[in-house]
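**Student:** Kindly generate the complete structure, drawing on both the sequences and the hints.
Quick note, the sequences are listed as chains A and B, same order.
1 is the number of the first residue of the first sequence in the numbering used here; add one for each residue after it.
1 is the number of the first residue of the second sequence in the numbering used here; add one for each residue after it.
Hints may be right or wrong, so weigh each one.
No more than 30 Å apart at the CA atoms, straight line, and that leaves these computed lysine-lysine pairs for DSS-like [to be verified]:
{"no.": "1", "chain 1": "A", "residue 1": "K381", "chain 2": "B", "residue 2": "K224"}
{"no.": "2", "chain 1": "A", "residue 1": "K243", "chain 2": "A", "residue 2": "K148"}
{"no.": "3", "chain 1": "A", "residue 1": "K5", "chain 2": "B", "residue 2": "K224"}
{"no.": "4", "chain 1": "A", "residue 1": "K243", "chain 2": "A", "residue 2": "K77"}
{"no.": "5", "chain 1": "B", "residue 1": "K123", "chain 2": "B", "residue 2": "K224"}
{"no.": "6", "chain 1": "A", "residue 1": "K5", "chain 2": "A", "residue 2": "K18"}
{"no.": "7", "chain 1": "A", "residue 1": "K147", "chain 2": "A", "residue 2": "K5"}
{"no.": "8", "chain 1": "A", "residue 1": "K63", "chain 2": "A", "residue 2": "K196"}
{"no.": "9", "chain 1": "A", "residue 1": "K18", "chain 2": "B", "residue 2": "K123"}
Some residues of chain A that are not near chain B, with every Cβ distance over 12 Å (derived) [stated by the list, open to error]:
{"no.": "10", "residue": "A69"}
{"no.": "11", "residue": "Q114"}
{"no.": "12", "residue": "P126"}
{"no.": "13", "residue": "N232"}
{"no.": "14", "residue": "W339"}
Residues on chain B that point at chain A, a partial pick, calculated with CB under 8 Å [to be verified]:
{"no.": "15", "residue": "L56"}
{"no.": "16", "residue": "D63"}
{"no.": "17", "residue": "R89"}
{"no.": "18", "residue": "L95"}
{"no.": "19", "residue": "F97"}
{"no.": "20", "residue": "L118"}
{"no.": "21", "residue": "I226"}
Keep in mind the hints are simulated off the structure, nothing from the lab.
Heads up, the beta-carbon is just placed ideally off N, CA and C, and yes, glycines get one too.
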Amino acid sequence: MTAVKYLGLIGANLGRNKLRTALTGGAVMLAVALVCMLLTMPAGLDMLLDTLTSNTRISVHNKAGIVYAMPYAFTRKVRQVDGVAAAVAMTWFGGAFEEAGRVTFPNFAVEVDQVEGVYPDYRLDPQQLADFQRYRDGAMVGRQTMKKYGWKIGDRITLRSTVWPVNLDLRIVGEIPSDNAPMLWLNRDYLDEALKAQGRPGLGIAGMIWVRAADPNRVNAIMRTVDDLSRNSEAETASETEKSFFSNFFGSLQGFVTVVLIVTGLVALCIVFIAANTASMAVRERSGELAVLKAIGFTRRIIFGTLLAEAVVLSTIAGLLGVGLTIGFTSLLRVGAGWSDTLGPLGSFVVTAPVIVQGVFLSLFVGMLAGVVPSWGAARKPVVQTLHEVF
Amino acid sequence: MDGDGQAPLIQIRHVSRRYVRGVDEVHALENVSLDIAAGHFVAFMGPSGSGKSTLLNLVSGIDRPTSGEVVVAGVRLNDLSEDELAHWRARHIGLIFQFFNLMPVLSARDNVALPLLLTRLDKRERLRRAETALRIVGLGERLDHYPRTLSGGEQQRVAIARAIVTDPDLIVADEPTGDLDARNAEEILSLLRQLKNEFAKTVVMVTHDPRALRFVDQALHLDKGILLEGEAAQRAGEAIMLAAHGHSVSGPS
Numbered sequence: 001m002t003a004v005k006y007l008g009l010i011g012a013n014l015g016r017n018k019l020r021t022a023l024t025g026g027a028v029m030l031a032v033a034l035v036c037m038l039l040t041m042p043a044g045l046d047m048l049l050d051t052l053t054s055n056t057r058i059s060v061h062n063k064a065g066i067v068y069a070m071p072y073a074f075t076r077k078v079r080q081v082d083g084v085a086a087a088v089a090m091t092w093f094g095g096a097f098e099e100a101g102r103v104t105f106p107n108f109a110v111e112v113d114q115v116e117g118v119y120p121d122y123r124l125d126p127q128q129l130a131d132f133q134r135y136r137d138g139a140m141v142g143r144q145t146m147k148k149y150g151w152k153i154g155d156r157i158t159l160r161s162t163v164w165p166v167n168l169d170l171r172i173v174g175e176i177p178s179d180n181a182p183m184l185w186l187n188r189d190y191l192d193e194a195l196k197a198q199g200r201p202g203l204g205i206a207g208m209i210w211v212r213a214a215d216p217n218r219v220n221a222i223m224r225t226v227d228d229l230s231r232n233s234e235a236e237t238a239s240e241t242e243k244s245f246f247s248n249f250f251g252s253l254q255g256f257v258t259v260v261l262i263v264t265g266l267v268a269l270c271i272v273f274i275a276a277n278t279a280s281m282a283v284r285e286r287s288g289e290l291a292v293l294k295a296i297g298f299t300r301r302i303i304f305g306t307l308l309a310e311a312v313v314l315s316t317i318a319g320l321l322g323v324g325l326t327i328g329f330t331s332l333l334r335v336g337a338g339w340s341d342t343l344g345p346l347g348s349f350v351v352t353a354p355v356i357v358q359g360v361f362l363s364l365f366v367g368m369l370a371g372v373v374p375s376w377g378a379a380r381k382p383v384v385q386t387l388h389e390v391f
Numbered sequence: 001m002d003g004d005g006q007a008p009l010i011q012i013r014h015v016s017r018r019y020v021r022g023v024d025e026v027h028a029l030e031n032v033s034l035d036i037a038a039g040h041f042v043a044f045m046g047p048s049g050s051g052k053s054t055l056l057n058l059v060s061g062i063d064r065p066t067s068g069e070v071v072v073a074g075v076r077l078n079d080l081s082e083d084e085l086a087h088w089r090a091r092h093i094g095l096i097f098q099f100f101n102l103m104p105v106l107s108a109r110d111n112v113a114l115p116l117l118l119t120r121l122d123k124r125e126r127l128r129r130a131e132t133a134l135r136i137v138g139l140g141e142r143l144d145h146y147p148r149t150l151s152g153g154e155q156q157r158v159a160i161a162r163a164i165v166t167d168p169d170l171i172v173a174d175e176p177t178g179d180l181d182a183r184n185a186e187e188i189l190s191l192l193r194q195l196k197n198e199f200a201k202t203v204v205m206v207t208h209d210p211r212a213l214r215f216v217d218q219a220l221h222l223d224k225g226i227l228l229e230g231e232a233a234q235r236a237g238e239a240i241m242l243a244a245h246g247h248s249v250s251g252p253s
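**Tutor:** Here you go:
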């Protein structure tokens with residue numbers, strides 16, 4: 001507790017040049033806030049995937065890659081696998097909305113009588129689902145896409161496929177009531193007929209098969225069975241959970257996060273150098289006072305300790321403010337996520353206790369690293385040398 | 001032994017101090033021996049480079065001799081490490097500098113209380129003693145003033161209060177009037193004399209100021225690192241007295 005009596009001295013010295021203290025503290029605060037914000041990203045992405053995906057849904061696609069198709073008949077085999085509650089074949093239509101002129105939202109040809117079985121969590125409106133099954137040209141559209149284009153149920157739109165040699169006139173019969181599903185579903189049979197009308201063999205393939213397991217504990221077994229079924233065929237499959245499937249999409253983003261974390265580390269290091277430079281300047285301009293303190297009996301240990309404590313106290317206070325800033329910012333994002341669909345995923349970035357601890361330790365580390373060299377430099381010189389240099 | 005049969009407070013025996021400056025070896029002090037009795041007010045005088053500040057640093061445990069022995073209050077300073085010397089100075093020495101060297105971010109009271117941080121006293125007692133020391137030097141009304149709001153003479157008084165707050169055996173002053181005008185210089189010398197007379201403090205001071213001769217018990221003259229004795233010391237004293245007379249007639253130049 002004897003160190004407590006030096007707090008007044010440390011506080012007074014921190015208040016010596018308020019602008020410099022504020023600027024240094026501000027730099028540390030922002031660096032810690034930036035690092036904490038980025039530290040929330042891996043957990044945030046995982047949480048985001050959890051909200052986007054179901055633990056019972058499985059993606060079955062061609063082992064060679066998702067751009068390669070599978071025979072449509074394989075869908076029926078998958079449905080017969082023990083433990084499979086439902087399976088739906090989805091085929092990329094690649095339709096460009098005529099006003100946009102390019103593919104601006106994912107759109108798939110689906111089996112209209114199977115989607116409800118695979119996506120019960122979407123809570124599709126029964127009446128709209130019935131219309132989807134009734135009308136050959138019916139389409140169900142994700143809520144965000146409906147909002148984006150100002151569409152409403154009953155509207156008619158035309159999609160020009162960038163994959164198939166057809167344009168399809170579609171009637172919007174329902175909305176997919178999920179903010180995480182911006183896609184459009186159209187009737188697989190409708191596309192099949194349109195292709196046949198052009199003298200083509202029809203839609204004999206499935207781009208992907210989405211499966212819902214009756215029991216989450218059976219998911220792994222189902223994936224193994226499905227892949228075994230296609231083994232040694234022309235289209236061997238690779239099954240994966242929905243979370244795994246989407247995390248592959250986020251894979252490049254995670255690489256980006258890694259790069260950002262490295263850059264953030266470098267930024268933190270720069271802040272250490274800035275803080276160290278500030279500490280050096282502070283020590284240099286107080287060399288006369290330090291000489292007197294040594295002369296009147298302050299030992300090297302006390303001089304070193306009080307100077308280091310200044311850097312650590314400043315950095316820690318700034319770090320705590322930085323952590324608070326991150327908590328405030330992410331809270332704001334969550335509030336914003338409730339207001340705006342585009343900000344929705346950002347609501348997943350939550351400052352957890354480990355992130356707070358890491359932020360506080362980072363600020364401690366910055367303070368110690370920044371303060372140790374100038375403090376030791378000032379403390380280690382013999383008192384007579386210090387006095388000679390100053391007076 | 002002094003006249004009272006007691007060992008002198010300061011005993012310096014055959015002390016030399018040499019240091020290297022660039023490629024040259026500087027002989028700052030050469031074979032100096034002297035005793036200073038407790039309760040005396042002594043001035044080290046001499047021209048620049050005479051070694052008086054070096055001698056003061058040795059007496060106050062700030063520096064160590066190259067050879068010889070320095071004993072203060074019964075402690076042989078040669079044997080102490082840097083940290084042990086720091087502890088020793090905190091307990092036994094009160095230091096006063098030419099340029100006051102107060103901490104600008106602390107009030108007069110907190111500046112004076114600084115050396116007491118090194119003691120086990122609680123905050124209330126530290127501040128109480130600091131106030132007492134400030135009252136002794138005549139600044140009882142300026143406790144909460146910051147150095148920038150005090151005159152040079154007042155700042156030096158705060159520095160003196162800081163030097164006496166630990167009730168040291170020895171007060172060491174390095175050119176305490178060097179940065180003051182004539183009136184303030186006289187007041188500071190008078191205050192040091194008062195500390196000697198009323199509190200039986202031993203005061204050792206380095207000064208160029210001939211006015212100091214009127215206040216000290218003894219002036220020791222140094223030149224080129226050697227303590228002058230006999231006729232040489234007498235001539236140096238007369239030269240200073242002459243300068244002091246000039247001061248009193250025409251004022252400081």
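**Student:** Run the C-beta distances from P126 (chain A) to all of chain B and say if the shortest one exceeds 12 Å.
**Tutor:** 75 Å, holds
**Student:** Decide if the proposed pair is consistent with the structure: K5 (chain A) and K18 (chain A), CA atoms, cutoff 30 Å inclusive.
**Tutor:** OK: K5 (chain A) and K18 (chain A) at ~22 Å, within 30 Å.
**Student:** Holds or violated: is the Cβ of N232 (chain A) farther than 12 Å from all Cβ atoms of chain B?
**Tutor:** 81 Å, holds
**Student:** Mind checking the alpha carbons of K381 (chain A) and K224 (chain B) for me, to see if they're no more than 30 Å apart?
**Tutor:** 27 Å, holds
**Student:** May I ask you to check that W339 (chain A) keeps its beta-carbon over 12 Å from the closest beta-carbon of chain B?
**Tutor:** For W339 (chain A), whose nearest Cβ neighbour in chain B is about 48 Å away, the distance exceeds 12 Å, so it holds.
**Student:** Take the shortest C-beta to C-beta distance between F97 (chain B) and chain A; is it under 8 Å?
**Tutor:** F97 (chain B) check passes; min Cβ-Cβ to chain A is 7 Å, inside 8 Å.
**Student:** Quick one: work out the minimum CB distance from A69 (chain A) to chain B and report holds if it exceeds 12 Å, violated otherwise.
**Tutor:** 76 Å, holds
**Student:** Close enough to count: is the Cβ of L118 (chain B) nearer than 8 Å to one in chain A?
**Tutor:** Holds, because the Cβ-Cβ distance from L118 (chain B) to chain A comes to roughly 5 Å (cut-off 8 Å).
**Student:** The hint names L95 (chain B) as touching chain A; please verify it with the least Cβ-Cβ distance against 8 Å.
**Tutor:** 5 Å, holds
**Student:** Can the hint on I226 (chain B) be confirmed by a CB-to-CB distance to chain A that is less than 8 Å?
**Tutor:** At about 21 Å, which exceeds the 8 Å cut-off, the nearest Cβ of chain A leaves the hint on I226 (chain B) violated.
**Student:** Verify the interface restraint on D63 (chain B): the C-beta must sit less than 8 Å from at least one C-beta of chain A.
**Tutor:** It holds, given that the least Cβ distance between D63 (chain B) and chain A is near 4 Å, below 8 Å.
**Student:** Report holds if the minimum CB distance from Q114 (chain A) to chain B is greater than 12 Å, and violated otherwise.
**Tutor:** With a cut-off of 12 Å, Q114 (chain A) remains clear of chain B, as the shortest Cβ separation is near 76 Å.
In the structure shown, a violation is registered for the earlier hints numbered 3, 5, 7, 15 and 21, in ascending order.
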